[in-house]
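*Asks:* Given next are the chains, with one letter for each unit.
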Amino acid sequence: MKLLIVEDEKELLANIQSYLNRGDVVCEAASSFSEAQDRLLSFAYDIVLLDLMLPDGSGLNLLRMLKKINPETGVLIISAKNAIEDRVEGLELGADDYLTKPFHLSELNARLNAIYRRRKFQGHRQLTFDCLTVDTDTREVSVDGRGVELTVKEYELLLFFISNKNRVLTKQAIAEHLWGDDADLLDSFDFVYQHIKNLRKKLAVGSCGDQIKTIYGLGYKFNSR
Amino acid sequence: MNLIIKTTLFYLLLSVLVFGAGGVLTYQIVRSEVTKETDFALYEHMREIEEEILEGLPLELLMRERVGIQKLPAAPPPDTFFVFSDTLALHPYLDEKMEPYRKLDAVRKVGDGYYRFSITDIFIESDDIYDVVVKIMWQLFLILGLSMLVSSFLVTRWLLRPFRRILRSIQQFSLRDESPLDLPQRTSTREFRQLNAFIQAMTLRARQDFKSVKEFSENASHEMQTPLSIARGKLDLLQESEDLGQEQLELISGAQQALRRLSKLNNALLLLTKIENEEFRESAPLDFSKVVRSSLDNFRDLAGFKGLSLKQETGEAVYLRLDLSLAEILVSNVISNAIRHNIKGGEIEVVLNQAGLRVRNTGQPLSVPAEQLFQRFQKSRQSERSLGLGLSIVREICQTNDLTVDYNYQEGWHEVWIGFPKNV
Numbered sequence: 001m002k003l004l005i006v007e008d009e010k011e012l013l014a015n016i017q018s019y020l021n022r023g024d025v026v027c028e029a030a031s032s033f034s035e036a037q038d039r040l041l042s043f044a045y046d047i048v049l050l051d052l053m054l055p056d057g058s059g060l061n062l063l064r065m066l067k068k069i070n071p072e073t074g075v076l077i078i079s080a081k082n083a084i085e086d087r088v089e090g091l092e093l094g095a096d097d098y099l100t101k102p103f104h105l106s107e108l109n110a111r112l113n114a115i116y117r118r119r120k121f122q123g124h125r126q127l128t129f130d131c132l133t134v135d136t137d138t139r140e141v142s143v144d145g146r147g148v149e150l151t152v153k154e155y156e157l158l159l160f161f162i163s164n165k166n167r168v169l170t171k172q173a174i175a176e177h178l179w180g181d182d183a184d185l186l187d188s189f190d191f192v193y194q195h196i197k198n199l200r201k202k203l204a205v206g207s208c209g210d211q212i213k214t215i216y217g218l219g220y221k222f223n224s225r
Numbered sequence: 001m002n003l004i005i006k007t008t009l010f011y012l013l014l015s016v017l018v019f020g021a022g023g024v025l026t027y028q029i030v031r032s033e034v035t036k037e038t039d040f041a042l043y044e045h046m047r048e049i050e051e052e053i054l055e056g057l058p059l060e061l062l063m064r065e066r067v068g069i070q071k072l073p074a075a076p077p078p079d080t081f082f083v084f085s086d087t088l089a090l091h092p093y094l095d096e097k098m099e100p101y102r103k104l105d106a107v108r109k110v111g112d113g114y115y116r117f118s119i120t121d122i123f124i125e126s127d128d129i130y131d132v133v134v135k136i137m138w139q140l141f142l143i144l145g146l147s148m149l150v151s152s153f154l155v156t157r158w159l160l161r162p163f164r165r166i167l168r169s170i171q172q173f174s175l176r177d178e179s180p181l182d183l184p185q186r187t188s189t190r191e192f193r194q195l196n197a198f199i200q201a202m203t204l205r206a207r208q209d210f211k212s213v214k215e216f217s218e219n220a221s222h223e224m225q226t227p228l229s230i231a232r233g234k235l236d237l238l239q240e241s242e243d244l245g246q247e248q249l250e251l252i253s254g255a256q257q258a259l260r261r262l263s264k265l266n267n268a269l270l271l272l273t274k275i276e277n278e279e280f281r282e283s284a285p286l287d288f289s290k291v292v293r294s295s296l297d298n299f300r301d302l303a304g305f306k307g308l309s310l311k312q313e314t315g316e317a318v319y320l321r322l323d324l325s326l327a328e329i330l331v332s333n334v335i336s337n338a339i340r341h342n343i344k345g346g347e348i349e350v351v352l353n354q355a356g357l358r359v360r361n362t363g364q365p366l367s368v369p370a371e372q373l374f375q376r377f378q379k380s381r382q383s384e385r386s387l388g389l390g391l392s393i394v395r396e397i398c399q400t401n402d403l404t405v406d407y408n409y410q411e412g413w414h415e416v417w418i419g420f421p422k423n424v
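Order-wise, the sequence lines are chains A and B.
Each step along the first sequence adds one to the number in UniProt numbering, with nothing skipped, and position 60 is 60.
Each step along the second sequence adds one to the number in UniProt numbering, with nothing skipped, and position 191 is 191.
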């Protein structure tokens, strides 16, 4: 995946880059409107990660330009503004998704993967991960070729794990991924634990065994074999 | 009572006083003038008689009604004098009616002899003068009063037209509106020009201040979210490190939660500021029942997990004039409170109809007084994880959108009632 990160905050840029570089992502960075403009005009990217507030221009204008010259590129807006108008305008201009700061890097990674899947394979993609096969179009999951029935939340949880394979996912990040702002209602993370327990049970039927590793006090990690 | 009527009444009252005083004054002046003239005439009359005496006419010929002449003995020579006085005498034609007369009594030296004169003349009655003065004053007052009424309702209306326009534009003034105030540009009245300039400067400043406060709260939130984002990212990266022990991981997790809480707090305060500044403006009526149902669908999962039974009775087509995102926040805050402050195996009842939204839930009695419930950062001991801003936001949304919000606790049930305006 070839990615351009447009973000004026150097530290944030460094965080995202070092997190994503561990996977199979090629990250390039632009920290200003003009730099981003140059890069977008010279190279083609799979996905652009776009901050709306740049020191020398609005990210929305970059989005307009990008949609004209390269409509195939996926766009994920990251903004500190939670204003609905910004969100709506961004999505209307052709952005694929909108993420409000601050966010978990694992959440960002999952969203990028989702956009990539939609863009590259028009949603038709069989994700294969060890013994697991996930059809993101039909939402069917099979272990060693045998179909497994997952609830909506369990499916989302599994995708979140696969998108962030071999990475630590905190219970907080999982709760926020599954329930958004309502995650605060979950006194303790029992709910997350419950879902993980069910998912584990359903996936354990295959030959790969339990791939979800518990990291005490922090969260979980989905390991490849 | 408006300004025009007030000033008119004031001037009418003033003119009553002026005309009263004027009447008294006129009466005095006319009276003294009449007296002076009568006295002068009497004196002249006496002089004429003196001339005639000098010419040698006999006294009998000169004596008439109201003219008495008496020759005085020359020795010893009497004091000469003349004095005017008021007297009463019978009317010449009307019998038995006493009329006021002016009388001249004098002792004069004419030629070599001394004569006593007593001359009377009819005098204009002070009653007559009074009547005339009152009549004149009354008519003048009527004319003045009428013209004042007419002028105040026509001229003053016209004079105050710029003022009314200024008033109207102030009434329609909105901080969020960018369009300039509709003020009368050319008015020859200095006061209105001053008022215009003042209002223009004031509204401009108010708008600038409002804008800068708005920008400040937005920017402050933005500026705070960025370092928070960075810190969270660093912790995300840190927890990926291979050689972390259990203790370090727990420290990271604690820091993550604190950061998350901080950023939620920041968002909630920003939201409150935005609602207070009325930055959300309702547009078309919104199907509130849809909002309630979709919010309930979101929460059913969570309520179920906490073992709560959720009963709903949501009427169709309940319309409200409310911003969509505010409506979602309002409903989600009320319902999430009902879930959060519930007991194990408790119940939640949501009833929506045209009159309002009622959310009831089982729960422990409040640990704070009910009247403090809607204050910021007020939270009960049971849920330390909540921010304590949820109900403040609910109240703020209700206050700025003509909704009422009430809370009460009875027999183990908390009830929040959001009342809708009568006609939407």
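Keep in mind the hints are simulated off the structure, nothing from the lab.
The model shown is predicted, which means the values in this text are computed figures rather than measured ones.
Any given hint could turn out to be false.
Claimed, not checked - No more than 27 Å apart at the CA atoms, straight line, and that leaves these computed lysine-lysine pairs for BS3-like: (1) Lys10(A) / Lys234(B); (2) Lys264(B) / Lys10(A); (3) Lys153(A) / Lys36(B).
As the list claims (entries may be wrong) - Distance ranges between label pairs, derived from CB positions: (4) Asp181(A) / Val213(B): 18 to 28 Å; (5) Val213(B) / Lys10(A): 45 to 55 Å; (6) Met65(A) / Leu238(B): 45 to 55 Å; (7) Asp190(A) / Ser179(B): 51 to 61 Å; (8) Lys213(A) / Ala370(B): 43 to 53 Å.
Just so it is clear, CB atoms sit at the ideal spot from N, CA and C, and this is done for glycine as well.
*Asks:* Are the hints correct? Go through all of them and say.
*Replies:* Outcome of the hint check:
Proposed proximity of Lys10(A) and Lys234(B) is supported: the alpha carbons are some 13 Å apart, at most 27 Å. Restraint check for Lys264(B) and Lys10(A): the C-alpha separation of about 23 Å stays at or below 27 Å, so the hint holds. Of the supplied pair hints, the one linking Lys153(A) and Lys36(B) is violated, its CA atoms being roughly 118 Å apart against a limit of 27 Å. For Asp181(A) and Val213(B), the Cβ-Cβ distance of about 26 Å falls inside the hinted range of 18 to 28 Å, so the restraint holds.
Taken as a hint, the range 45 to 55 Å is violated for the pair Val213(B) and Lys10(A), whose Cβ atoms sit roughly 30 Å apart. Restraint check, Met65(A) to Leu238(B): a C-beta distance of roughly 37 Å breaks the suggested window 45 to 55 Å. In this structure the hint that Asp190(A) and Ser179(B) lie 51 to 61 Å apart at CB holds, the actual value being about 55 Å. At about 48 Å, the beta-carbon gap between Lys213(A) and Ala370(B) stays in the expected band of 43 to 53 Å.
Checked against the numbered hints above, the structure breaks hints 3, 5, 6 and satisfies the rest.
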